[in-house]
Amino acid sequence: MTQDLAQSEIALDHARAKEKRSDRRALLLRILSIVVVLILWEIIGRQYELFLSYPLAVLQAAWEVLVVDNELLVAFGETLRGYAVGYVAAMILGTMLGYLMSYFKVLDVALGPYVNALYATPRIALIPLLVLWVGIGFGMRFTIVILSAVFPIIITVRDGARSVADEFLDVARIFVAGGWRTWRTTILPGSLPYVFSALRIGAQRSLIGIIVAETLAALTGTGRIIQDYGQFFQTDRLLVPIFAIGFFSIFMTGALNFIQRRVTPWERR
Amino acid sequence: MTQASVDVDTRTPAPAETGYERIPFTETKLGVWVIRAGALAVVLLGWELYGRSTNPALFAPFSAVVTEFVDMAIVSNVLWVAALDSARAMVVGFGIAIPVGIAVGLAIGRYRTVEYVLDPYISFLYALPMVVLIPLLIIWIGIGTPARIIIVFLECVFPIIINTIVGSKTVNQRLLDTASSFCATERQTIRTVVIPSMFPYIFTGIHVAVGAALVGMLLAEMLVVLRGLGGLIVTASNAYQPARVMVTLLVLVAESLLLVGFIKWLRRKLMPWSAEASARTA
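In order, the protein sequences belong to chains A and B.
Its first residue numbered 98, the first sequence is counted upward by one per residue in my numbering.
Its first residue numbered 32, the second sequence is counted upward by one per residue in my numbering.
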């Protein structure tokens, strides 16, 4: 039942990955649009400093929190540690389970309903309970990242492994390839685009998960810093981690796109 | 490619009529149900046994969850009050996001200039986890119901926008040519050609947005107002009542599955021809 959901995630993901145009007019309009908005923001923001702040103040705040106090980098480092470890674990666990579920029907039939149900349910609802179970330290970050990323990865990889064209599998069968050989030579390369989609979706989901956990469970880290700046109405400072998180999310997608192009040179988009 | 049920495998060819190849038991209808029932039994038994052996302040066995459910849903009606409260803000935010998302997506997809001007912001906001905007939203509009509605709106509008863009860019060129040969105006073209062929994509966007709307609803309730299902989860865990938390979580699972099921049902009813539209975009 959730194949559909996974499919639509992939559709979305591809739409984003395709966003690339080297049109001169496009570049010009984009830059113009950003410049106009920045100038307007600067002018209006100075009137309503508490609500909007303004670009120069944000830059100054960025200098303060990044270089002078150094607090944002410390917080970001903390978030990143939990994120990186959890994401790698989710990546390994998710792809393995995804391939296993595509190969062993029994496993899919038995686990499928749970994976689907958990995939459709917002995992951030588990955070209060996780506070009781794993505390609010590194364990919390690790757990919430895995929970956020692993289900979309499992489902997308499973569907990807199933979507490998019959012609290729027939070739493998004709050459009497065993299970492992078929997987390595046919299913793995055939499903790589899905795997990368899965990893992109997982990267974004786990970022959401970890920030919510840090905000909700009063951990340290970026989520906490955002919360603090907000509570003290330091709008200029507040906007620094917001932009940082946004650019980090874009960076993750871009990095995965780059690796994907390297790993699957035969897929020309 | 997008077979609906798990017990069909496109990779193995259909069993031959000769009778040499028999379907293994685990792939028959009965087998599937036996496996599922077995898995369920294992899960429930493990849950119950673990729950009985561990600290009751941290984890509740299945039986305790059932009694708690009876208590919350039948004896009192806390659960339904909370669920309704949650649903109200979510439905409003979601309801606003659908037309806005479609309109913005259509404008971006149809007009290059609009696309280039808005695209940096849409891309940035789509990549941004909305939760980081919550403190800013609180500064701007406070912590009332409008904040809840806006958080839900922000969570679900971007998937709809992005899918609508994809949809409006993949309109069949022949249909567009036909429209222009019949001297259709821009409005007529949009109404008779673009929108109908975008429908499947819009539905895909709404499908993704359902999940996002639930996330937004919970975020608002857990971080901003402490009401509804999200509030119930937070207060119950703070009071070390795991059974209460688990009941609420199960209701949430059921709600998610119901909503997704409803969207899929609606899609089948409205567009029986487009069962594979989401697959084609991939």
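It should be emphasised that the hints constitute simulated quantities derived from the structure, not laboratory data.
Some hints could be false.
Derived pair list, reagent style BS3-like, types lysine-lysine, alpha-carbon separation capped at 27 Å [claimed, not checked]:
#1 B:K200 - B:K60
#2 A:K202 - B:K295
#3 B:K60 - B:K295
#4 B:K300 - B:K200
#5 A:K202 - B:K60
Now the in silico label distances, taken between C-beta atoms and shown as ranges [said to hold, decoys possible]:
#6 A:V133 - B:L297: 36 to 42 Å
#7 B:P151 - A:T317: 29 to 35 Å
#8 A:R270 - B:L297: 36 to 42 Å
#9 A:L137 - B:C214: 39 to 45 Å
#10 A:L135 - B:D102: 54 to 60 Å
#11 B:L257 - A:A186: 30 to 36 Å
#12 A:R143 - B:Y81: 54 to 60 Å
#13 A:L285 - B:K200: 29 to 35 Å
#14 A:T282 - B:L71: 45 to 51 Å
#15 A:F272 - B:L297: 18 to 24 Å
#16 B:P130 - A:G174: 18 to 24 Å
Source: prediction; values computed, not measured.
Note that the Cβ used here is the ideal one computed from N, Cα and C, for glycine as well.
Hint check results:
1. B:K200 - B:K60: violated (42 Å)
2. A:K202 - B:K295: Within the cut-off at roughly 25 Å; holds.
3. B:K60 - B:K295: Cα-Cα ~23 Å, so holds.
4. B:K300 - B:K200: holds (25 Å)
5. A:K202 - B:K60: holds (13 Å)
6. A:V133 - B:L297: 36 to 42 Å: holds (40 Å)
7. B:P151 - A:T317: 29 to 35 Å: holds (32 Å)
8. A:R270 - B:L297: 36 to 42 Å: holds (41 Å)
9. A:L137 - B:C214: 39 to 45 Å: holds (40 Å)
10. A:L135 - B:D102: 54 to 60 Å: 56 Å Cβ-Cβ, so the 54 to 60 Å window holds.
11. B:L257 - A:A186: 30 to 36 Å: Since the Cβ atoms of L257 of chain B and A186 of chain A sit about 32 Å apart, the hinted range of 30 to 36 Å holds.
12. A:R143 - B:Y81: 54 to 60 Å: Check passed, 59 Å falls within 54 to 60 Å.
13. A:L285 - B:K200: 29 to 35 Å: holds (31 Å)
14. A:T282 - B:L71: 45 to 51 Å: violated (37 Å)
15. A:F272 - B:L297: 18 to 24 Å: violated (46 Å)
16. B:P130 - A:G174: 18 to 24 Å: violated (42 Å)
Hint violations for this structure: numbers 1, 14, 15, 16, all remaining hints satisfied.
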